[in-house]
Amino acid sequence: MRKKAILLSAVLTSLFGAGFLGYKHAKAQDQELSPEEEIRLVQEFNRMMAEGINPGEIWAEMGKEAFKKYNLDKCDFGLGPGKIEGALAQLPRYFPDAKKVMDLETRIGWCLQQYAGMKPEEVKKFVKQCWGKSQCMGEYDAIVMYISMASNGHKINVNLKDPQVKKMYDIGKRIYYARIGPWDFNCATCHAGQREARIRATLLWSADRPGEAGKAVSIFPKYLVRWAQPMTMHYRYAECIRQMRWPTFEPHSDLAVALSTFLYATGNGTEIKVPGIGR
Amino acid sequence: MAIGTAIVRVPKEAKKGEIIRVQMVITHPMTPPRRDPQTGQEVPPHNLTKLVLLYNDKVVSEMNMGAGVSANPFIALPLKVEESGIIKIAYEDNKGGKWEKTADIKVV
Amino acid sequence: MKKKVLIASLLLAGLPLVATPQQKQKAKKAEESVKEEEVIAVLKSGLDQDPKFAWKLNQDESQKICSKYPSREAMPAREIQRVMELETKNINYPQWGIFWGDWKEGKNVVESARGGRFATYGFPDKPTDKGGNCYACHLIEKGVPGGTMGPQLTGYGKRYGITKENMNTPEGLEKLKTVYNIIYNAWSVYPCSSMPRFGYHGALTPEDIMNIATFLLHPDSPVNK
Amino acid sequence: MNRRKFLLLSAVAVAGLTLAPAVKPAFASSKLEEDVKKRIGVDFKTIKETADIKITAPTIAESGANVPITVESTIPVDKVERLWIFVDKNPIPWITDVKFTPQNGVVFLSTRIKMGETSNVRAILQLKDGTFVMATKEVKVTAGGCG
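Residue numbers (my numbering), protein chains in the order written: chain A, 967 to 1245; chain B, 16 to 123; chain C, 1092 to 1316; chain D, 21 to 167.
Looking at chain A on its own, in the form it has when it is part of the complex (with noise of 0.2 Å):
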């Protein structure tokens, strides 16, 4: 009984709270600027920082020793064994060798492992090098960089008319929209809906604004001035999942597969301008 009448009572209050909480969107008072003007200027702090050579660009170079260091260039990334001009833009995309979908990151970790002997532990180690630390130079995002790089200009074009492919979006779309874990959230929680709204200070982008999710992925890998090193989209997938307080994410899993094309496939036609450069 009395636990009944406290269910009653929560219920009448939260109710209750609805409708007593209807002025949410109070004014800002006593503020300098309005946090719409800040979200202005600190786009304009980006791109001040987007001028001049990004230092991501020195990743690159080392990649390029790298890629013929692990055989990569036996590697075909849709285009032909070792050919990386304009790969990124057609990824993600079914190989025949590997019977699935995979997207740069993950068809690199196979390739490692089919041409540089690598086990799949040595290909998550190698991958999480970086994971979690500042200023480190690891051999993989300096790959990642190489070949993204290469892509420059090259607009992005999933094919999803290959049933494969389409598949994997689907179950992406899915994955993107579904509220699991112990904090509820899940992508759409930041990255979704018409409203902009800044995490901190930093404006969130939205899937369901036309052009941003293109403009999100087109230039990754990104490089973090906070970290003092580039982020590759796989360790993207991970941060994120990490503030979503889900268990750790595992590079290179169908899971990464399935948001990777989701996410191109939603931004095809987008130029690739790799590397980005961001808080």
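Hints are computed from structural coordinates only; laboratory data are not their basis.
Heads up, the beta-carbon is just placed ideally off N, CA and C, and yes, glycines get one too.
One thing to keep in mind: the hints can contain errors.
Unchecked claim - With the C-beta cut set under 7 Å, the calculated list includes, among others, these residues of chain A facing chain B:
#1 1018
#2 1021
#3 1024
#4 1194
Given the coordinates of chain A, assemble chains B, C and D onto it according to the supplied hints.
Below, chains B, C and D alone, put in the same frame as chain A:
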């Protein structure tokens, strides 16, 4: 891969008397003196201290810097070009590290 | 009581959705080519398989409902009601009931970004770290950088009309309870809101949440200065 | 510790700056004034602001680890000895100094600097005639991301 990998970028060609921008970036941690958050011990600084811009082996600019400059520093300096030649950037850090990087400029 | 909920939820799950034609169309577009189990299987396959993290991925009924719709606006009223019904039952209170806590303690939990963020690579976060990371989404204390995903909370207590005189009256405590409920289980008030159900999941204890509510509402708190 | 300080402390690049001991004897002049005196040998208060120097920097920086700044001046380069950059509120205000020669053609510097907190950025030009002029720009350092 190491500290001290650099890129120097200038226009491929310039007119005589034109003022160009010499852009450069180098991998360097630029760490200030700090206390390790885990051990509480002091970690000495590691930063570039000096950069020299040379044009056909003549010193044009000298720059002193500390750990207040960001990691993997980007710097751009002006240069008035008179003749084709070599632009050289020489870096030094506080641990005795020395690096050089050059770029060619063609006057047309 | 629990049994009843279970039966009710089973019944509801079996019922077809009452939805407008427009909503039906939307639901159809939502990639029905793939089965829910496959989606969750791919999701889980890309995350640490260690059984000690498995509890993190037990998708509950409310999460399943919320996963179906891109936003609350797209949800049928019936589903909104269902989530509220489920979630209002998922609120517990401190042993001493509704009582003003310590706003300074609350401030610490509000500011810490580390809660629940433990990962098996690199970062120094520990599984025992606690924090709501509230500033990521909310502007709270004036001058402290904050997000705009959630509503602005500066001067929250003032806006609620909380004063030293009325804070311990039944009305004052009722307001405290309302805010407590939102932090403990946001979905009880705003179904499928972006805000995590901090208390329900045990990310924060009832005491933490009471301290946070106090931080937001107390006349002495910097939020209301 | 407030939120902002916490963020700064956790930002690797800035950690050292905030943790470096700041010596502040009673009745002393500001850290900036001391540093300017020590390094250039001039009393900061005597340096005049001029419109002939332009600082381009963001009004708000999303991260203090990497604030892009560009300094240019219309003062002819052959009259200029050296350009100094200071940030008032950094534990070590001095950031860099550049010696210019006529071969530079013009006074210009673009770089990225660390800022521990919201502060003024100063560009001081030391002229060949022994005088000093300066420009000031305030940069508000905020915090971005999930934390």
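Evaluated hints:
1. 1018: holds (5 Å)
2. 1021: At about 4 Å, which falls below the 7 Å cut-off, the nearest Cβ of chain B leaves the hint on residue 1021 (chain A) intact, so it holds.
3. 1024: Result: holds, 5 Å to nearest chain B Cβ.
4. 1194: For residue 1194 (chain A), the interface hint holds, since the closest Cβ of chain B sits about 4 Å away, which is under 7 Å.
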